[in-house]
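Chains as they are written, first to last, in our numbering: chain A, 1 to 240; chain B, 1 to 240.
Mixed in with the good hints there might be a few duds.
To be verified - Beta-carbon label-pair distances, calculated as ranges:
| id | chain 1 | residue 1 | chain 2 | residue 2 | range |
| --- | --- | --- | --- | --- | --- |
| 1 | A | Gly17 | B | Arg74 | 51 to 57 Å |
| 2 | A | Gly84 | B | Glu73 | 50 to 56 Å |
| 3 | A | Pro223 | B | Pro19 | 38 to 44 Å |
| 4 | A | Asp237 | B | Leu38 | 29 to 35 Å |
| 5 | B | Tyr177 | A | Arg92 | 25 to 31 Å |
| 6 | B | Pro19 | A | Arg23 | 52 to 58 Å |
What the hints assert, rightly or not - Some chain A residues close to chain B (C-beta under 7 Å, calculated; not the full set):
| id | residue |
| --- | --- |
| 7 | Gly84 |
| 8 | Val87 |
| 9 | Trp150 |
| 10 | Arg152 |
| 11 | Gly153 |
| 12 | Thr155 |
| 13 | Ala176 |
| 14 | Ala195 |
| 15 | Val199 |
| 16 | Gly205 |
| 17 | Arg227 |
| 18 | Leu230 |
| 19 | Arg232 |
| 20 | Pro234 |
Claimed, not checked - These stretches of chain B come out as covered by chain A in the derived footprint (C-beta under 8 Å, 3 or more residues):
| id | region |
| --- | --- |
| 21 | 8-17 |
| 22 | 40-53 |
| 23 | 106-112 |
| 24 | 191-201 |
| 25 | 219-233 |
Derived from the structure by calculation, the hints contain no laboratory data. No residue lacks a Cβ here, since even glycine has one placed at the ideal position from N, Cα and C.
Below are the chains, spelled out letter by letter.
Number of protein chains: 2
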Amino acid sequence: MSGPPVPTPLQVIPVLGIPEITRGADLAGLVCDATELLEGDVVVVTQKVVSKAEGAVEAVDADDPLSHKVIVERESVRVLRRRGELVISETRHGFVCANAGVDLSNVERGTAALLPEDSDRSARRIRDGIRARAGVRVGVIVSDTFGRPWRRGVTDVAIGSAGVRVVVDLRGTRDAYGRELQVTEVAVVDEIAAAAELVMGKATGVPVAVVRGLDPAILTDDPASVRHDLVRPPADDLFR
Amino acid sequence: MSGPPVPTPLQVIPVLGIPEITRGADLAGLVCDATELLEGDVVVVTQKVVSKAEGAVEAVDADDPLSHKVIVERESVRVLRRRGELVISETRHGFVCANAGVDLSNVERGTAALLPEDSDRSARRIRDGIRARAGVRVGVIVSDTFGRPWRRGVTDVAIGSAGVRVVVDLRGTRDAYGRELQVTEVAVVDEIAAAAELVMGKATGVPVAVVRGLDPAILTDDPASVRHDLVRPPADDLFR
């Protein structure tokens, strides 16, 4: 039953001990307090705590389950579909998601969390803070939970990143048969966000995970950005 | 810099030493030869090797880069979008993907790989084979690489599964503030497939990965199925 040694497994580590986040919280410092980071780690932080730390939270009527809908309309630059109370729209960041990312879960009663103003900038701040505090160069991904067409269920995806190649381009590399690969670009930041969700759960209050052991080629000091590199330009998009 | 102990990290382990797969190959046996599996592991196997083992491969004209297009049309029950040579269509399994899942990469020159006839059944066979051979109850996911609207790049998703809850329903469970969660169903099989891709790469010839340390509640002996539980019924789908 024993096989050959298996190199470089990936680890996905939940970061416990992150306290309740309020406006102005130093997320980088809190992550460094809670866990020891290594060069080349990717730290995944959920949108909810980023929005709370940045004050991207608005008051809603706690007794009116639809009171956040005004915010949804305001945060939508274009509505793709409506069905009942559900709105699928494009946000000013270019994300297409339900309710423009406005969310009532895991926030205080009577409040709604909005998407961060610029989630790539949020990721950069956390990355810079970790480097200043712990002296390690990590990648940072801000993740959120999106639905998708054709398939039931939600998965976590990246809405911001820093220090990580967003889309890894395999164009021109060859498959195991020496043929040029047709599938060219892997959205590794979304795969990393999905992997992190598996240890966060949705209701367990673990807003940060560390992914350790990724291919070092995924990390970069270039200014890769989810908004610039992952949002599909509308002209290239067959479903917008 | 040291923090509290971190419990249950997830491990994503590439399985090396899987030989070239040909029709009739015993995938369960080959996986058991290559690595030691533990109760509760989830084994992710790429569609390409499943299709090869099942003989879901057809001859095409190696000198005509479009000769597989006839197969694409035949494998499509409905075309959603066309642009140039690209076809986004629905397969008879209910999957919406590019080129009906027909693929020329990582197969012998002059051949095209089709989707397995029933990828949930493929997963069940592998799971049963591993149980018979190694005496452990694992989950099995057959993964494939799909694009998606609105976001650039491809990610791996599940097209078949056995022994894994496909969509974990959090409906009625409560968030950290005691509010009933609005986001209800997490497509954990897709998140597991995405995590596995991070150690497989696209051109490295690693067609199998093991995900270890998942929440045991994700595993099930119920007949969960990607085709029944993950494909969104067309009537519920706003984008079909």
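> Which of the listed hints are not met by the structure?
Replying inline: 2, 4, 7, 8, 17, 20 and 22
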